[in-house]
Amino acid sequence: MNYTRDDLAVITLGSVLVLEEKKKWELLERYDAPSDLFTEDFSAFLIRNGKKDVYNSIGEAFTEEYLSALLSDYERKGIVAVPYTSALYPSPLRDYEAKPLVLYCMGKVELLQEPTFCIVGSRKTLPNILKVTEQIAWDLSEHFAIVTGAAEGGDYAATVGSIERGKTVCVFPCGLDFAVKKRVHERVRERGLLVSPFPPSVSTRTYFYHIRNRIMAGMSRGVLVVSAGKKSGTLITAHCALEYGKPVYAFPYTIGTASGEGANALLKKGAYPTENVLDILPDFGINFERTPDPSLTDEEKLVLDCIREGEEVHVAQIGRLTNLDASALFAVLSALELKNRIVKSGGNKFRPV
Amino acid sequence: MLANVKCFTLNGLDGYAVDVEADVNNGMPSFELVGLPDAAVKESKERVRSAVKNSGNVFPTHKITVNLAPADLRKEGTQFDLAIAVCILKATGQLYIGDENVVFLGELALDGKVRGVSGMLPLLISARDRGYTTFFIPKDNENEASYLSGITVYPVERISEIVSHIGGENLIEPIRPHLFSGSSVRDDADLSFVKGQAVAKRAVEIAVSGGHNILLVGPPGAGKTMLARCIPGILPDLTFEEALEVTKIHSVAGILTEEGIVSNRPFRSPHHTATTVSLCGGGNTKIHPGEVSLAHNGVLFLDELPEYNRSALEALRQPLEDGVITIARSVGAYRYPASFILCASMNPCPCGNYGSEKPCNCSPYDIKRYRAKISGPLLDRIDLQVEVDSVSYDDLISEKQEEPSSAVKLRVEAAREIQRKRFRGKIHTNSEMRERELSVFCKLSSECETILKSAFSRLDLSARGRARMIKVARTIADLDGSAEIEPKHILEAVSYRTFER
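As they're listed, the protein sequences go chains V and X.
Position one of the first sequence corresponds to residue 75 (my numbering), numbered consecutively onward.
Position one of the second sequence corresponds to residue 913 (my numbering), numbered consecutively onward.
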């Protein structure tokens, strides 16, 4: 990685923990170029400002020893710091006011240059929606890198769905030292990209989620909300996207579904109702040809229709409606599950996908 | 004067002959017991002295030395009392026995009564296998001995009876062999009382037919325990050989009932506070069989699986795979059979309501953590993982006739018969198949392979998980009466492995 003097100044400033991000931007505004920070005399600086400790430690940071130690630390951890002055910095983010100084990355940094699409969902997402999310993430990842959070539920499904193509970007609300806790994120580190706007050693705080969500919306061409409760954090991402004038897509939900109230609210505000990838890709001028579904036997069709009729159907009820005996029914259900047409939702109940 | 008689001691389930030798000499009156006796055997000196005196015989006031040979083998248990007493009587000429191969087993009371000992059946069986045919045993152990043929067993209540019997007066009637009549009474757990639960019932039927392990997941009060209690009722009856195996273990553990033989399949349900040793077996001086061995040929039911001590559960892994457990301690390594059906139950989440009508207030993380208490390798060994539904009130009072256990048992027995013919004695059930049998009896069509392959990647199966899934499919095919494993059998087997972690 080749850094300019400006890049190095931003990376150094980014690593200083005693100063808030906002103050760092204010500091940078005083200079023509960030590299001027290297020549600044911070001991004189503190007389003008009076905050001795803070500017003392900034002064300590802008030395060659600190910088080389910092860079070798990042290298050892496999972290690549991408400052906003770098060519690698995602172009959609550049124009925003609240862009992060530095993006800390692990994995395929070149994914930052690709057009990206954001898929977010809440932790409590219905099992059939998870399946649909996986599918749509797979379909979209052919044309976009998929940006998503790192939580359970919807985010997880989007990650799993897109990682096979190696085009997953997971954005963390904490430093990368704390990021990889799940197996799936190890795979993303190997095949995709882990991103955090926070220095590696910073652990998470509540308001970090907000910052993270804003970045996800900022770097993407569009946002798909697969599930969101009434007060879900996912809505922040959607609202940021609306603010930036980016298209927001949402799955429609049945009235009364707790995990979909937020998504329905978005639809009322003008998000595009979405069922599958065909509702998204034409907006970006992309033609998509769906691979035909695997064929179903008559019994499978019968059972599938029965499950599609109700929203969530219990095995016993399917048995009653289709008159199949237990063993035959389980075989059919299992076949449908393997063909990705239904999904088990706990308590021997099934949902259509 | 010198005399000797035979006795037996146990090492695990195997008995070893012990020569009890007594030498009565002139000299300072004393009573020495040598030959590596443990504490209980050492104490027999005092019991023998009082018992001989109080049964109307004379305890010699001489220098007495009793040796238990082979002297390097550790002697356990209280069954030596009778042999030592008889040997002293023989050495002092109060009793004459020509045949040196008569075996005496029994504990003595101070008044000369003979008390029952544990482990009688394995002692008798191993003695019989070594060619001994005449036995004197406590009357308390009469029933246990009555199922063995080809030996003459005299039940005795007092030492004096032996003296008079050998002297030719008041002959003791030898035990008449009983015929094994199979299972006797059943308790009242019957599948006809379990309402609904089509999935779980079918899974239980498959588990029992092929000897597979099963995990029942369901909200509290759904009937998991009740289902589990029905399992012994649909298991095929114990054969005589199986019953003897089980009785041997129960006899060693000292938990045999009056009946003398275990005629029903054991159903063991240790509480979740059970320790590793209580589950697997062990102990300081005497190595007791654990719950896994007591459940041999039957069912080990672990209710509320995540509540068990983690290390205790992990210890089950090896017996689940091998069907035997070898317990190694400083005093020696003991091997007990432990071939059982593991039936476990658990709630789907900490609050218990996940997937039921009632609202579940657990976060996905809570649920994951709760389920992670069951380790992957253990879950891998549980072939069938099914959800038990919460029962609605309407179901409970419905008059719909559910299939009784007896009807299910018929199907199970038919499936077991197919397996018995297939394996011809070497193994009994599909679950015991090894790679060799799998390759011979479980050939898969290309269509089946395709299904299995997609299930393999989807469910993140291990190689063992795959083999176990094929075994379950084999059992389903057997229940179906089909010689080949068809796609529908594989698909059904896949549907029972869906417990998400």
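It is worth saying that the hints were derived from the structure and are not from the lab.
Small disclaimer: the values here were computed from a predicted structure and weren't measured.
Every residue gets a Cβ at the ideal spot worked out from N, C-alpha and C, and that includes glycine.
A few of these clues could be false.
Now the in silico label distances, taken between C-beta atoms and shown as ranges [stated by the list, open to error]:
(1) R1348(X) <-> E216(V): 25 to 33 angstroms
(2) P1271(X) <-> P326(V): 40 to 48 angstroms
(3) E139(V) <-> G1288(X): 44 to 52 angstroms
Chain X regions said to be covered by chain V (calculated; three or more residues, Cβ under 8 angstroms) [to be verified]:
(4) 923 to 935
(5) 1192 to 1203
(6) 1258 to 1270
(7) 1403 to 1409
The list that follows gives simulated cross-link-like pairs (lysine-lysine, DSS-like), each with its CA atoms no further than 27 angstroms apart [unchecked claim]:
(8) K342(V) <-> K413(V)
(9) K1365(X) <-> K305(V)
(10) K304(V) <-> K954(X)
(11) K198(V) <-> K1025(X)
(12) K205(V) <-> K1025(X)
(13) K256(V) <-> K954(X)
(14) K1051(X) <-> K975(X)
(15) K1280(X) <-> K256(V)
(16) K198(V) <-> K1270(X)
(17) K205(V) <-> K1280(X)
(18) K954(X) <-> K965(X)
(19) K1365(X) <-> K413(V)
(20) K256(V) <-> K1285(X)
(21) K375(V) <-> K1285(X)
(22) K1270(X) <-> K305(V)
(23) K1285(X) <-> K255(V)
(24) K304(V) <-> K1285(X)
Okay, the hints, checked on the actual structure:
no., hint, in the structure
1, R1348(X) <-> E216(V): 25 to 33 angstroms, "violated, 46 angstroms"
2, P1271(X) <-> P326(V): 40 to 48 angstroms, "violated, 24 angstroms"
3, E139(V) <-> G1288(X): 44 to 52 angstroms, "holds, 47 angstroms"
4, 923 to 935, "violated (count 0)"
5, 1192 to 1203, "violated (count 0)"
6, 1258 to 1270, "holds (count 4)"
7, 1403 to 1409, "holds (count 5)"
8, K342(V) <-> K413(V), "violated, 34 angstroms"
9, K1365(X) <-> K305(V), "violated, 42 angstroms"
10, K304(V) <-> K954(X), "violated, 78 angstroms"
11, K198(V) <-> K1025(X), "violated, 72 angstroms"
12, K205(V) <-> K1025(X), "violated, 75 angstroms"
13, K256(V) <-> K954(X), "violated, 61 angstroms"
14, K1051(X) <-> K975(X), "violated, 32 angstroms"
15, K1280(X) <-> K256(V), "holds, 12 angstroms"
16, K198(V) <-> K1270(X), "holds, 16 angstroms"
17, K205(V) <-> K1280(X), "holds, 19 angstroms"
18, K954(X) <-> K965(X), "holds, 18 angstroms"
19, K1365(X) <-> K413(V), "holds, 13 angstroms"
20, K256(V) <-> K1285(X), "holds, 17 angstroms"
21, K375(V) <-> K1285(X), "violated, 39 angstroms"
22, K1270(X) <-> K305(V), "holds, 23 angstroms"
23, K1285(X) <-> K255(V), "holds, 18 angstroms"
24, K304(V) <-> K1285(X), "violated, 32 angstroms"
In this structure, the earlier hints numbered 1, 2, 4, 5, 8, 9, 10, 11, 12, 13, 14, 21, 24 are contradicted, and the remaining ones agree with it.
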